[in-house]
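As they're listed, the protein sequences go chains A and B. Numbering-wise (full-length UniProt numbering), the first sequence opens with residue 1 and increments by one. Numbering-wise (full-length UniProt numbering), the second sequence opens with residue 1 and increments by one.
Check each hint, because a few of them may be wrong.
Computed from the model, here is a short list of chain B residues facing chain A with C-beta under 7 Å [as the list claims (entries may be wrong)]:
{"no.": "1", "residue": "250"}
{"no.": "2", "residue": "255"}
{"no.": "3", "residue": "260"}
{"no.": "4", "residue": "268"}
{"no.": "5", "residue": "271"}
{"no.": "6", "residue": "274"}
{"no.": "7", "residue": "295"}
{"no.": "8", "residue": "337"}
{"no.": "9", "residue": "339"}
Computed beta-carbon distance windows for the label pairs [as the list claims (entries may be wrong)]:
{"no.": "10", "chain 1": "B", "residue 1": "267", "chain 2": "A", "residue 2": "173", "range": "38 to 44 Å"}
{"no.": "11", "chain 1": "A", "residue 1": "196", "chain 2": "B", "residue 2": "373", "range": "36 to 42 Å"}
{"no.": "12", "chain 1": "A", "residue 1": "22", "chain 2": "B", "residue 2": "186", "range": "51 to 57 Å"}
{"no.": "13", "chain 1": "A", "residue 1": "373", "chain 2": "B", "residue 2": "374", "range": "49 to 55 Å"}
{"no.": "14", "chain 1": "B", "residue 1": "267", "chain 2": "A", "residue 2": "269", "range": "17 to 23 Å"}
{"no.": "15", "chain 1": "A", "residue 1": "20", "chain 2": "B", "residue 2": "74", "range": "28 to 34 Å"}
{"no.": "16", "chain 1": "B", "residue 1": "173", "chain 2": "A", "residue 2": "173", "range": "29 to 35 Å"}
{"no.": "17", "chain 1": "B", "residue 1": "173", "chain 2": "A", "residue 2": "153", "range": "19 to 25 Å"}
{"no.": "18", "chain 1": "A", "residue 1": "136", "chain 2": "B", "residue 2": "373", "range": "53 to 59 Å"}
Hint data in this document are derived by calculation from the structure and do not stem from the laboratory. Only a predicted model underlies this, so the values are computations on that prediction, with no experimental measurement involved. The beta carbon of each residue, even a glycine, is placed where N, CA and C say it ideally should be.
Number of protein chains: 2
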Amino acid sequence: MPSHSQSPSPTGSGQRRPASQQGMRRQNLAVVLGAVAAHAPLSRADVAARTGLTRAAVSTLVVTLHEAGLVSELGPAPSGRVGRPGNALVLSSEGPAGLGLEVGVEHLAACVVDLSGEVRVQRRVASANRGRPADEVLADLGGLAAELLAEAEALKLRPVGAVLAVPGLVDAAAGTVVHAANLGWRELRLPPELLGLPLSVENEANLGALAELWRTAGEAEGPAPVDFVHVSAEAGIGAALVVGGRLFRGARGFAGELGHVPVHPDGPLCPCGAHGCLEQYAGERAVLASAGLPEAAGDWVALLAKRAAEGSAPVRRALEQAGAALGTALAGAVNLVDPEAVVLGGAYAELGEWLLPAMRAELAARVTVRPWEPGALSASGLGRAGALLGAALVTVRRIIEDPSGAYGVG
Amino acid sequence: MPSHSQSPSPTGSGQRRPASQQGMRRQNLAVVLGAVAAHAPLSRADVAARTGLTRAAVSTLVVTLHEAGLVSELGPAPSGRVGRPGNALVLSSEGPAGLGLEVGVEHLAACVVDLSGEVRVQRRVASANRGRPADEVLADLGGLAAELLAEAEALKLRPVGAVLAVPGLVDAAAGTVVHAANLGWRELRLPPELLGLPLSVENEANLGALAELWRTAGEAEGPAPVDFVHVSAEAGIGAALVVGGRLFRGARGFAGELGHVPVHPDGPLCPCGAHGCLEQYAGERAVLASAGLPEAAGDWVALLAKRAAEGSAPVRRALEQAGAALGTALAGAVNLVDPEAVVLGGAYAELGEWLLPAMRAELAARVTVRPWEPGALSASGLGRAGALLGAALVTVRRIIEDPSGAYGVG
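So that you can see chain A by itself, here it is in the shape it has in the complex:
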């Protein structure tokens, strides 16, 4: 089972490793690349000023990053300083990149992002995956990925890792889908590679949250929060917790099961075996039934949004009830983990207009011990594109955070 934690001894920190010269170089490569990623374009002198490293050290480190194809030079940068302006360093728009993959109940998707997080190639195809043999699904996904890699190559991009988004419980460390009820996958071990790229698997709600965390300033209205609860729904209701800019996985990697938080403990029986889980009030089936609509095989979120926009009273009432249940469950979550924000993401972001008011009312009524701003709850601008984008960005972030690490490109 995955775990972010090691067992420290009861009275000491004996597991900590001593610092070394190699460790210093590795850390300083990350410091320089991180500065370029955050503030490009930057001259070498700017990098030195921002990081506290000497110019000589920066120059040496930049040679390594340049040879690895991670940074490139724009030409002389404007400089307010006296003396020769340095060439401006930016993240390379060619070379190492990330491949994102997604298996949904009704679709397959893939995209390639470059080091700066820009989506350069993207494809989504309809595919009825519910109950289909996993090897067939993965073969189709491999075909889609091969097309994208060819397109990426034409752009001189070279994905060095692939991450697959799955709607279900995932053991990321073991590379296993523990249970994806809507696909019919259980204890499915994924191959360690796809088309020669190391392949990881991750829960789609987690990846949507990471995309929200990493969305570039240009896409966001303000600085992205680093401590938030991200709620999304596709086939089920999932949440992801981001803490201090990192995904919070829990002891076994299963954190974020908001869909099975009790809302009314004596409420209807949930397929999970418990009574009154959030999914019984805000899940796909519950909302469709409450709205008087038949269970839809297609895009039920789009259907609900359309009917609500047309003014359907039963649909609006069903969404309001779902919003209230979401708000009640989230109030408990906010009382417990004290995030700075709550983000409604995934497909449900498209229903924000009808869900958010009731969610806000419940949060305002139930998070009372310390202040809670209504604006701290918002709908994601990424919506259902978030999970795939997050999958592609994982590889890019790993490179930037430790260029000598995972993929050894530095």
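Following the hints, position chain B against chain A.
Positioned in the frame of chain A, the structure of chain B alone reads:
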């Protein structure tokens, strides 16, 4: 407001600091002291083997730690190795120490622990603090602390920091009690020093959880979990989340408000303004009312335990109902944060015999998506001693984790 997180830039880690020689020495002092803390007695050669540092480096670092009074030598250690056995290093039982302080609704308490976490001096006095002016309470506490410091001096112990446990919402970074309803304290800024020692303030539930985390192997039946939810009750119901061996504070430092997680959203009105909060089912007043007992000014937990042990049916039924409500709220918490364990601590640990069965039943029924072992819920062996012990241990842990840091003793 306190925050463990800094704002990383959207696409990089530019804030990371470069590694330096000074940083290496500081880190390696912590590595050596941590090894001694975890595995003492250890020879210098043992430390080198455990840490990967050279023997020469270890010897130099040990000189510094010895001069700071942090380690001492026992004399020759038994050694299976060929050659001269080295002197065994242990944490010093004299010198730097931690002072813990506690203000309860009905008592004041203080204790001093040495570097190995052993309580060397301890005192608890009755004191009716509800609604009493804070400066009077703190003056009495200062008097108690002065007595303990004199006793500690006789043992050649020198506390270098004091931490105060308070039943209420605390802004630890600002040194402020935001709201302690049962004491009548609101926005109370504590002095930065007490008797010349730097003074910190912390929520008692958090400190109880830290004591549980840091309890020494001798006191525990097995290795202490590093990812757990710690529920305690004194005047109100509080929880603390420990993640990866660290206290999880939330974005603003207010995580763990389990007492106001909704259990029955349409339930009775809580003084907080919301309906159906956990405190309305498992808080002091709710349990006493449900048991048909008058609100007690004294030790109501001891009273309930006594009556339950005597076989009182209304008391047992009231505790069973409280346990069910605790279990429902905790099931939501477990689904959300996926801890490896849940610990019932504080005064409620003494009611474990009557609370735990219903708590276990609710957890078993509601944490169903992935396995939950009934044994993962237990009552703390520290009980209501936990908060004070945790307060004293904070200082000791800070020294061991970074001897050159906070108190500069290394």
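Tested hints:
With its C-beta approaching chain A no nearer than about 3 Å, residue 250 of chain B sits inside the 7 Å limit, and its interface hint holds. Interface restraint check: residue 255 of chain B against chain A, minimum CB-CB distance 4 Å, threshold 7 Å, status holds. The criterion of a C-beta within 7 Å of any C-beta in chain A is met by residue 260 of chain B, whose closest approach is roughly 5 Å, and the hint holds. Taking 7 Å as the C-beta cut-off, the interface hint given for residue 268 of chain B is violated, the closest approach to chain A being about 14 Å.
Among the interface hints, the one on residue 271 of chain B is violated; its C-beta lies about 10 Å from the nearest C-beta in chain A, farther than the 7 Å criterion. Nearest Cβ of chain A to the Cβ of residue 274 of chain B: about 4 Å, under the 7 Å cut. The hint holds. Evaluation of the residue 295 of chain B hint against chain A yields a violated restraint, the C-beta minimum of about 22 Å exceeding 7 Å. Restraint check, residue 337 of chain B versus chain A: the minimum CB separation of about 5 Å is within 7 Å; hint holds.
For residue 339 of chain B, the shortest C-beta to C-beta distance to chain A is roughly 6 Å, which falls under 7 Å, so the interface hint holds. A beta carbon spacing of about 40 Å between residue 267 of chain B and residue 173 of chain A agrees with the range 38 to 44 Å that was offered as a hint. As the Cβ distance of residue 196 of chain A to residue 373 of chain B is approximately 41 Å, the hint placing it in 36 to 42 Å holds. In this structure the hint that residue 22 of chain A and residue 186 of chain B lie 51 to 57 Å apart at CB holds, the actual value being about 53 Å.
In this structure the hint that residue 373 of chain A and residue 374 of chain B lie 49 to 55 Å apart at CB is violated, the actual value being about 40 Å. Remark: the range hint 17 to 23 Å for residue 267 of chain B to residue 269 of chain A is upheld by a beta-carbon distance near 21 Å. Hint check: residue 20 of chain A to residue 74 of chain B, Cβ distance near 30 Å, so the stated range 28 to 34 Å holds. The given range of 29 to 35 Å is respected by residue 173 of chain B and residue 173 of chain A, whose C-beta atoms sit roughly 33 Å from each other.
For residue 173 of chain B and residue 153 of chain A, the hinted distance range of 19 to 25 Å is not satisfied, since their beta carbons lie about 51 Å from each other. At roughly 37 Å, the beta-carbon separation of residue 136 of chain A and residue 373 of chain B lies outside the given 53 to 59 Å, and the hint is violated.
Comparing the model with each numbered hint stated earlier shows that hints 4, 5, 7, 13, 17, 18 do not hold.
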